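Number of protein chains: 2
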Amino acid sequence: MSAVPYIALIASIAALGLAYYFAQVVLAADQGTDLMKEIGQAIQEGAMAFLRREYQWVSAFVAAMFVLLLIVPIDGRPYASFAYLFGAVLSSAAGFVGMRIATEANTRTANAARNGAADALPLAFKGGAVMGFTVAGLALFGITFNYLLWVTWIGVDDAFQVVAAFGLGASSIALFARIGGGIYTKAADVGGDLVGKVEAGIPEDDPRNPATIADAVGDNVGDVAGMGADLFESYAGSIVAPVVLVSLLAPGVFLDGGGKLLDFGDFEALLLFPILIGALGMIASIVGALMTRGKEGQSLSRQLHTGQYIAMGLTVVLSIVGALWLFGSAEAPGGGDLVQKPIWLALTIITGLLGGWAIGFVSEYFTSEHYGPVKSISAQSETGPATVVIEGIAQGKLSTLPSVGIVALMIGLSFWMGGAAFGSAGDVIGLYGVSLAAIGMLAVTGVIVAVDAYGPIADNAGGIAEMAELPGEVREVTDSLDALGNTTAAVAKGFAVGSAAVTALALFKSFSLTAGSDVNLDINDTAVTIGLFLGAMTPFIFAALTMASVGRAAQAMIVEVRRQFAEIPGLREGKPGVKPDSRRCVDISTQAALREMLIPGGLAILLPLIIGFIDVNALGGFLAGSVVTGFMLAIYMANSGGAWDNAKKYIEAGAHGGKGTDAHAAAVVGDTIGDPFKDTSGPAMNILIKVMTIVSLVFVPAFI
Amino acid sequence: MSAVPYIALIASIAALGLAYYFAQVVLAADQGTDLMKEIGQAIQEGAMAFLRREYQWVSAFVAAMFVLLLIVPIDGRPYASFAYLFGAVLSSAAGFVGMRIATEANTRTANAARNGAADALPLAFKGGAVMGFTVAGLALFGITFNYLLWVTWIGVDDAFQVVAAFGLGASSIALFARIGGGIYTKAADVGGDLVGKVEAGIPEDDPRNPATIADAVGDNVGDVAGMGADLFESYAGSIVAPVVLVSLLAPGVFLDGGGKLLDFGDFEALLLFPILIGALGMIASIVGALMTRGKEGQSLSRQLHTGQYIAMGLTVVLSIVGALWLFGSAEAPGGGDLVQKPIWLALTIITGLLGGWAIGFVSEYFTSEHYGPVKSISAQSETGPATVVIEGIAQGKLSTLPSVGIVALMIGLSFWMGGAAFGSAGDVIGLYGVSLAAIGMLAVTGVIVAVDAYGPIADNAGGIAEMAELPGEVREVTDSLDALGNTTAAVAKGFAVGSAAVTALALFKSFSLTAGSDVNLDINDTAVTIGLFLGAMTPFIFAALTMASVGRAAQAMIVEVRRQFAEIPGLREGKPGVKPDSRRCVDISTQAALREMLIPGGLAILLPLIIGFIDVNALGGFLAGSVVTGFMLAIYMANSGGAWDNAKKYIEAGAHGGKGTDAHAAAVVGDTIGDPFKDTSGPAMNILIKVMTIVSLVFVPAFI
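Listed in order, the protein sequences are those of chains H and Z.
For what it's worth, my numbering labels the leading residue of the first sequence as 294, then goes sequentially.
For what it's worth, my numbering labels the leading residue of the second sequence as 294, then goes sequentially.
These are computed hints drawn from the structure, not numbers from a lab.
Heads up, a few of these hints could be off.
Which residues of chain H face chain Z? A partial, calculated answer using Cβ under 10 Å [said to hold, decoys possible]:
(1) 349
(2) 724
(3) 836
(4) 929
All figures in this text were calculated on a predicted structure; none of them were measured in a lab.
Here a beta-carbon is modelled for each residue, glycine too, at the ideal position from N, C-alpha and C.
The following block holds chain H by itself, in its conformation from the complex (with noise of 0.2 Å):
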């Protein structure tokens, strides 16, 4: 049974090893022409530039945070602070690794595309796979070498309040890469476009205009850096919750015939099966990347996707058999078993691993043109840009029913499986199978990364090929490459949103059996209630803060962008030889990014820590309250939109009049809306509840 850790080890290690000899790859692909190097050295020292400022500030919040954690009463202190501080390192490495490698990918892809799809995807693919085998061998790594180093070799008391520090390390990270990169790329986006497009009248990814570099740079630091944060979080959290869950349940549940707590060993394979299952998710994606091959007369969508659903099925198979295996020999003493029916914990693996599909899929409908609600709102574009916006809000604030429904029914049928397995179902180890569910959803994480930084590699490979004045056929050639990511990142939007939720609600269970007697959770206290009503409120004023930076930052774009228009000769009229000044809407953007993170960031962790300073049956309310209002908020800016995009590509593939029409330009404003509420505020909201949920779990000892 102690062999799992070291099965994990290997398995993440093996993962790495997969990412180093993908990037090999990448690097030894040709770049194309020095046209195209130039403007590739110049995304990548932008978005270098901005992840190297953004570790500079975060890194001086992560030592606050480390002494903090170091000076305030809480369990395992001091190690959780060197926990917290490796999480942290861990996952700034990820980033910094997987960006690296996603700026060198985006130029070969596009020279690839000059030999057709089947050349370029597979580059784009593998350029995405470093940052996401990175991510999750890093995060199961960290963990294991965390689980061992405590646990087994040195034995630490709270042990796993310990653990639970390496999470809020990598939550540190996230959440400032999650909402920088977010308030970036739509700074450059939508300032970009708004004088290029609007007034300037040329088209998008034009190299006249001064912040093409930065919107390429902004779909690196947001969609690649970003992301990938955000998900070695989700991961490490998924994993994490179910670790300290079992742990707190210990003294209450795993007793002896005489009522006396079990000795370590006779459920520590509850400890290991998440370990466990991460391995053999690790091995299954492994599997699945490497199938993934580009073939000519094969669809793209295909191509791309038959990696992860080889995953998928693997993780099926492979969570049964390690979950028959793992659970085979533990006996409870006495004779019994402790787990009576491991085959309902591999259900719920299996439970999540759907749900997370389903919410993608869910995701899918509402925001691809081959559905309703897209043809929907494209229809609204007739009678101009307000009914396009109000049908979009419609349209995204209904896909929060399925989402709820699907999570919902996770959760009741995950709680009921666990307690299954234990043969006590209704019981609180059925929390156990909550927690593991979430794990389910993220079990494959390494091939979900990699598809979704397929995306803005291929987005950033086609205004290359734009910029580089390549021939019109390469430019199709990335644009049908660019449109398979929209679809992509949806599905892995689905992951990252229902993992959030689940992980965060594990996290939410762990916190409050922690906290024990010393809270009282019931709705009914009227701290409980004043906590919801502020805990509801934060998401929104998440959602305000970050939309509102967006456009202040477009707007100091705007200024740039027009000052270079009004003051460059020739700028406007492409003389040749007439060059924008990127670099300086670069710093914009980088400078805008830093400033406006700050608040967001900071109220996410500092809300949690007064408001249980003050009262800990409020802090329960205010972490339910933003969980739920958080996940609402999620989907439906997401899925807004997500909508509002596609609209707008469904028009401009002839739909309604197409291109330049009035319906076009309605279509324009609501894609433009969108922007922030898809790439900055939506997905803050997932890194928003984890983060506010595992900093209260790591601080409630002290709050008590």
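Assemble chain Z onto chain H, guided by the hints.
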């Protein structure tokens, strides 16, 4: 002490008398030219026809609920059925009378505007006051009569559950009036505007536009009848909640030295205090209304608000006097006073009153062109509609911060004060204080509805002046009256939403006390968690459904208006004698509103019933989730919508280039999106959260 109900009956009859007197004053005024009469009649016919058909639908629903209350095993059956019917009938009657007079006052206000604002303002106010005092008078009469009938005269067991059924009756009417009216008004407004202004290039309220009459009808059915029914329900609910709460708290709290329940007479004062406050607030409102007069040379705002402030000031004084009088003699057996410090109870009333006013001020701050938010939205119009929408959404969401702050403070303070009054701050008896705060908010309902219903009357008067081609000066006068109406509407909305939240909360506490130990509301319970998710989702779905309804109904209107412009020769050109077929547009709005209100309205009743019969714990979570999220959406949508409306007006007044510029066109987009936000979906939240809670309260005995 038993004089209190009779004082309340007298006060309510005085209110009805005042309404009658004001109605006579309105009817005695001159209606103006024949054309004005004709237009006025068309509006009135349309409005009354809608109300009649709405009541037909609703009476089928009320009949079904009546039967359900007869057959389902709930407390107080079969009396509850009759109380339910009584509530429904009184609310309908108030809507009928109020709208009848409002549609008489509009032409007369337009006519009086020919002599200036000082003549027109009091007439519009009196027209609104008929609605205000009919609503408040009938509601207080109904509650008091019910109380006397079941508690004092007949002495029914479970009389308090029967009184709650009266509230449910009022809710049923309010639900459909709010939703149907909201859809009607915006279908006509959005549809008419889009074709008229955008396509046909003719101004607002132009007699050539076939939807103009339907738009004017919409103001009445939405803003007069809808708001009236909403506040009838809130007012009734706010008095019902503490009465039910006290009766439920009694067995646990009101014990003599030996642990035996006190005699009813010993705590009857607590039941009578809410009714007394209703009576005193009514008297204060009557005085305030009589002090509202038109004065040359005084600002319109001051003329209109003086009465409101007088009513509020008087209520403060009277509630202190009332508390000291009523509880001066409320001695508990054994010589101690049950209410040790009655002043604290008066202070909860004052807290509520100030809280309602403060939320109203927040609404005004976020929606008036005198403050930052609207200015900042207007400034964004320079970069097009997308930035206007983004900024409007951000500001609306941000406005939840102060609003929630006020509600949280109000709940916390009134809970503490409620306990302090009994000498046991922090105890469950503090809930009584929370429920009193809701009454404080609504004590001056008479003047608040009066000032609010003034708005649509002034708006209608402007439309009539335009359609009847009165001179430009008249239109200027009505415009000044109308502009004031926008601010008063913001304040009334503040009271409506604030009281909805606090009333729903008080009813929720009653719900859980009724369920007692049969319900577990710990957030950690898995059913409660699932309920929270479903509850938080429901307001989003409600918003989606109502917005989509407006979209569909507006489309139907657009098709019809386009048809008329195409098929009626000379209509677009304004050939003398050529008239649009307004009646058909009125029919379309009516049918669409009635059809579209059924699904959301039905859901609001059915969801709590379905969930309650499945699992009461889940219902508890569901209600909590929907109350807090519904409150956020109500605030956000109302304030975003109001802000867009006034940003447009601010630009029309000359800012950012004024009418006809691109900036103005951008602001018009925001305004159109804001229409269903502020007048359909936002206000529907208030009634949604109240109706779901009161349904749960009445049916809870059947669930367990």
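Going down the list of hints, with the structure as the test:
The beta carbon of residue 349/H comes no nearer than 28 Å to any beta carbon in chain Z, farther than 10 Å, and the hint placing it at the interface is violated. The interface hint given for residue 724/H is met, as the beta carbon of that residue sits about 8 Å from the closest beta carbon of chain Z, less than 10 Å. The interface hint given for residue 836/H holds, since its Cβ lies 5 Å from the closest Cβ of chain Z, which is under the 10 Å cut-off. At about 6 Å, the closest approach between the beta carbon of residue 929/H and any beta carbon in chain Z falls short of 10 Å, and the interface hint on this residue holds.
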